[in-house]
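**Q** If you want the building blocks of each chain, they are given just below.
4 protein chains.
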Amino acid sequence: MGKLYNEVAGRDLNRLAALSDGIFAFAMTLLVLNIRVPEPLEVHNEGELGHALLHLAPSLLTCVMTFLTLGIFWVGQQTQLSALRSADRDVAWLHIGFMFAVVLTPFSTALLASFITYRMAILIYWANIVLLGLMLCLSSRHAVRSGLRKENAPAHELLQRRIVSAQALYAVAAMLCFVNTWLSIALTFAIQLNYVFAPRISWLYRL
Amino acid sequence: MGKLYNEVAGRDLNRLAALSDGIFAFAMTLLVLNIRVPEPLEVHNEGELGHALLHLAPSLLTCVMTFLTLGIFWVGQQTQLSALRSADRDVAWLHIGFMFAVVLTPFSTALLASFITYRMAILIYWANIVLLGLMLCLSSRHAVRSGLRKENAPAHELLQRRIVSAQALYAVAAMLCFVNTWLSIALTFAIQLNYVFAPRISWLYRL
Amino acid sequence: MGKLYNEVAGRDLNRLAALSDGIFAFAMTLLVLNIRVPEPLEVHNEGELGHALLHLAPSLLTCVMTFLTLGIFWVGQQTQLSALRSADRDVAWLHIGFMFAVVLTPFSTALLASFITYRMAILIYWANIVLLGLMLCLSSRHAVRSGLRKENAPAHELLQRRIVSAQALYAVAAMLCFVNTWLSIALTFAIQLNYVFAPRISWLYRL
Amino acid sequence: MGKLYNEVAGRDLNRLAALSDGIFAFAMTLLVLNIRVPEPLEVHNEGELGHALLHLAPSLLTCVMTFLTLGIFWVGQQTQLSALRSADRDVAWLHIGFMFAVVLTPFSTALLASFITYRMAILIYWANIVLLGLMLCLSSRHAVRSGLRKENAPAHELLQRRIVSAQALYAVAAMLCFVNTWLSIALTFAIQLNYVFAPRISWLYRL
Chain A
90 MGKLYNEVAG
100 RDLNRLAALS
110 DGIFAFAMTL
120 LVLNIRVPEP
130 LEVHNEGELG
140 HALLHLAPSL
150 LTCVMTFLTL
160 GIFWVGQQTQ
170 LSALRSADRD
180 VAWLHIGFMF
190 AVVLTPFSTA
200 LLASFITYRM
210 AILIYWANIV
220 LLGLMLCLSS
230 RHAVRSGLRK
240 ENAPAHELLQ
250 RRIVSAQALY
260 AVAAMLCFVN
270 TWLSIALTFA
280 IQLNYVFAPR
290 ISWLYRL
Chain B
90 MGKLYNEVAG
100 RDLNRLAALS
110 DGIFAFAMTL
120 LVLNIRVPEP
130 LEVHNEGELG
140 HALLHLAPSL
150 LTCVMTFLTL
160 GIFWVGQQTQ
170 LSALRSADRD
180 VAWLHIGFMF
190 AVVLTPFSTA
200 LLASFITYRM
210 AILIYWANIV
220 LLGLMLCLSS
230 RHAVRSGLRK
240 ENAPAHELLQ
250 RRIVSAQALY
260 AVAAMLCFVN
270 TWLSIALTFA
280 IQLNYVFAPR
290 ISWLYRL
Chain C
90 MGKLYNEVAG
100 RDLNRLAALS
110 DGIFAFAMTL
120 LVLNIRVPEP
130 LEVHNEGELG
140 HALLHLAPSL
150 LTCVMTFLTL
160 GIFWVGQQTQ
170 LSALRSADRD
180 VAWLHIGFMF
190 AVVLTPFSTA
200 LLASFITYRM
210 AILIYWANIV
220 LLGLMLCLSS
230 RHAVRSGLRK
240 ENAPAHELLQ
250 RRIVSAQALY
260 AVAAMLCFVN
270 TWLSIALTFA
280 IQLNYVFAPR
290 ISWLYRL
Chain D
90 MGKLYNEVAG
100 RDLNRLAALS
110 DGIFAFAMTL
120 LVLNIRVPEP
130 LEVHNEGELG
140 HALLHLAPSL
150 LTCVMTFLTL
160 GIFWVGQQTQ
170 LSALRSADRD
180 VAWLHIGFMF
190 AVVLTPFSTA
200 LLASFITYRM
210 AILIYWANIV
220 LLGLMLCLSS
230 RHAVRSGLRK
240 ENAPAHELLQ
250 RRIVSAQALY
260 AVAAMLCFVN
270 TWLSIALTFA
280 IQLNYVFAPR
290 ISWLYRL
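Residue numbers (our numbering), protein chains in the order written: chain A, 90 to 296; chain B, 90 to 296; chain C, 90 to 296; chain D, 90 to 296.
Hints in this document: simulated from the structure, not taken from any laboratory.
Computed from a prediction, not measured in an experiment: that's the story for all the values here.
Among the hints, erroneous ones may be present.
Given that identical chains are not distinguished, each listed pair holds provided it fits within a single copy or across any two copies.
[Unchecked claim] With a cut-off of at most 25 angstroms between alpha-carbon atoms, the simulated SDA-like pairs for lysine to any residue come out as follows:
id, residue 1, residue 2
1, K239, R100
2, K239, D177
3, K239, R178
4, K239, L265
5, K239, Q249
6, K239, S203
7, K239, F267
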């Protein structure tokens with residue numbers, strides 16, 4: 090026997106990736122369930138339908154924001170996992186923690202859509218983003234300390250620096266909610282768009 | 090360090106395929122949630138149950154239509170991805186955009202089922218199909234420009250031409266909604282059936 | 090260019106399997122959403138909770154039945170796909186049709202749970218099982234005719250005979266609904282249990 | 090022909106893992122749907138929102154508990170499957186039974202969240218954990234008896250002992266519900282945290 094359970098458990102990188110993809114896919118699809126089709130009984134003509142659809146704007150906006158966030162973290166997690174030679178039990182659990190943060194996003198997004206002018210909703214949404222970054226950061230660190238990375242993997246600092254600078258920007262945006270909640274949301278959205286598109290702009294690219 | 094995050098991120102084709110399959114699978118399954126089981130309290134005999142089930146026809150019809158659309162685009166995306174040697178960050182993001190269009194389909198389908206005689210519902214449904222085609226087109230183009238395609242991959246023009254001719258047909262169908270919404274839906278459905286079955290008919294096969 | 094889209098599309102067996110697994114997984118999980126937690130306001134003590142839980146029996150029974158059915162067809166589809174060398178566009182579409190039947194099961198199950206004494210609910214549930222068997226049968230035939238099977242694959246007749254004998258049994262069970270709906274459900278359940286457990290009993294094993 | 094269906098069916102370990110990952114992913118994501126966003130009409134200021142969110146504590150607590158449980162069993166199942174050379178029909182069905190237990194967790198969790206002071210809710214929650222352990226145990230045993238394990242796989246007793254000791258602890262925690270339901274939940278939670286974190290503490294590590 091000799092070996093302990095904890096030394097042989099959770100080593101399969103492919104299954105970790107598969108579970109992650111399933112959870113990301115489901116969370117990303119659930120977001121859209123927050124956008125409710127208007128009640129047919131309350132709509133009598135094209136004009137009223139247009140009006141009812143306009144009321145969905147906060148749901149649609151927060152849905153797009155979270156979809157971008159999940160996309161950003163999915164690319165980040167994939168980049169991190171592809172640098173590993175193998176997983177171990179601790180990597181598996183740190184990523185399960187990361188997935189818990191992913192799974193919370195449909196809730197924090199729906200909360201923000203329903204209470205878009207409340208500071209508390211913005212701070213909870215922000216806390217969710219912090220948790221995503223934190224878990225990814227911890228698992229990246231653990232991989233370095235435990236020697237689980239491939240020899241030719243890109244430098245660990247690359248991902249760490251990326252997470253830290255993004256989190257600093259999100260923190261600034263969240264704090265703006267004490268001035269005005271819409272300002273806070275606008276900056277959060279701008280940061281997300283930056284991480285999707287801005288690589289094309291040279292100085293932003295270096296962030 | 091040297092390398093930048095954006096040069097190492099998002100390169101894993103398998104995970105892109107896995108995330109896509111997850112999102113297609115949930116979107117396709119969610120469609121059926123639009124078909125609601127009749128209320129037991131409102132049904133007293135076999136005849137009333139039959140009657141209540143007939144009322145589900147618009148939900149069932151739009152569900153089948155979108156299932157076919159998603160099937161068509163799943164085959165299309167699979168054909169495109171299988172022509173790639175590797176992904177990069179931009180391919181990943183163009184496909185995340187494509188998945189956003191996939192994720193919107195349960196909403197636009199439910200909207201069409203609830204407002205099947207409204208032009209606005211048809212135009213939104215059509216916009217969703219346009220977005221699907223557009224994102225697939227953009228990512229296909231990007232793959233050519235960035236040299237990410239396999240050497241022996243089938244010609245890029247094949248997929249492009251396919252998307253353009255399909256989108257032209259969908260546009261004609263959508264415009265028919267200004268004449269009659271049912272006509273518009275009938276033609277959209279016929280186009281979808283064509284892409285599933287018509288390959289058996291020789292001149293349609295060449296479309 | 091030369092090649093046509095339909096000759097290069099939909100060939101990836103792994104993605105077909107991945108989409109199927111996603112759809113099976115989601116459909117199997119959705120089944121359980123039909124089992125609703127009792128309303129806290131209507132329950133005042135342990136006895137009332139027990140009573141409220143007993144009312145969930147039809148939902149639980151139909152949920153187990155469909156879970157078994159989906160398990161049986163998942164094993165069947167897996168066995169079929171593992172006999173193929175490659176897919177083509179038609180195999181892909183026949184399996185997409187099969188998945189449509191999978192996706193309908195949470196609906197037909199919820200319908201049966203709500204109307205467990207109605208013949209129409211049983212016949213629709215049965216039609217769903219017929220559709221599952223039919224699509225699997227058609228795709229198996231197509232694979233033979235198109236020479237897509239591996240050379241050392243187990244005989245095609247094995248799967249065909251299995252489907253035909255199972256469908257004959259399900260048809261008998263469905264017809265019993267004209268005598269008594271509970272009898273019909275009991276026999277359907279017995280058939281499902283047979284396909285899960287009976288291989289241990291020698292003459293049933295040969296079915 | 091010669092061969093029987095039951096001898097060729099269900100042998101694909103990759104698809105078994107893929108189905109499992111899909112089901113774990115959805116069950117883990119569905120858990121969060123139990124945490125309902127407060128009704129906007131009932132909240133008029135930040136204080137009331139904070140108050141409404143506090144009422145979500147039982148949902149959040151049970152959600153975290155089940156997420157940990159599912160994480161523990163996902164790591165356990167992965168460790169078990171990675172010790173196999175191949176699957177067979179019986180392994181496939183034992184794991185489908187295991188997945189049924191996984192699929193029940195969102196229900197038993199929602200039941201516990203709604204009736205957190207009821208013994209019956211705790212006993213049902215515990216029965217679900219017992220079912221998870223039992224199916225994993227049975228499939229592990231079957232793999233040994235059928236010679237499906239890899240030669241260099243870690244000792245089978247490792248996983249068995251792990252399951253038995255965990256189940257003994259859960260049983261003690263469940264029985265505490267006859268003293269006090271909160272005590273029972275507290276110990277269950279402590280056991281779960283132990284299996285996630287305690288490996289760092291040496292004598293607990295050996296459990």
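**Q** Which of the listed hints are not met by the structure?
**A** 4, 6, 7
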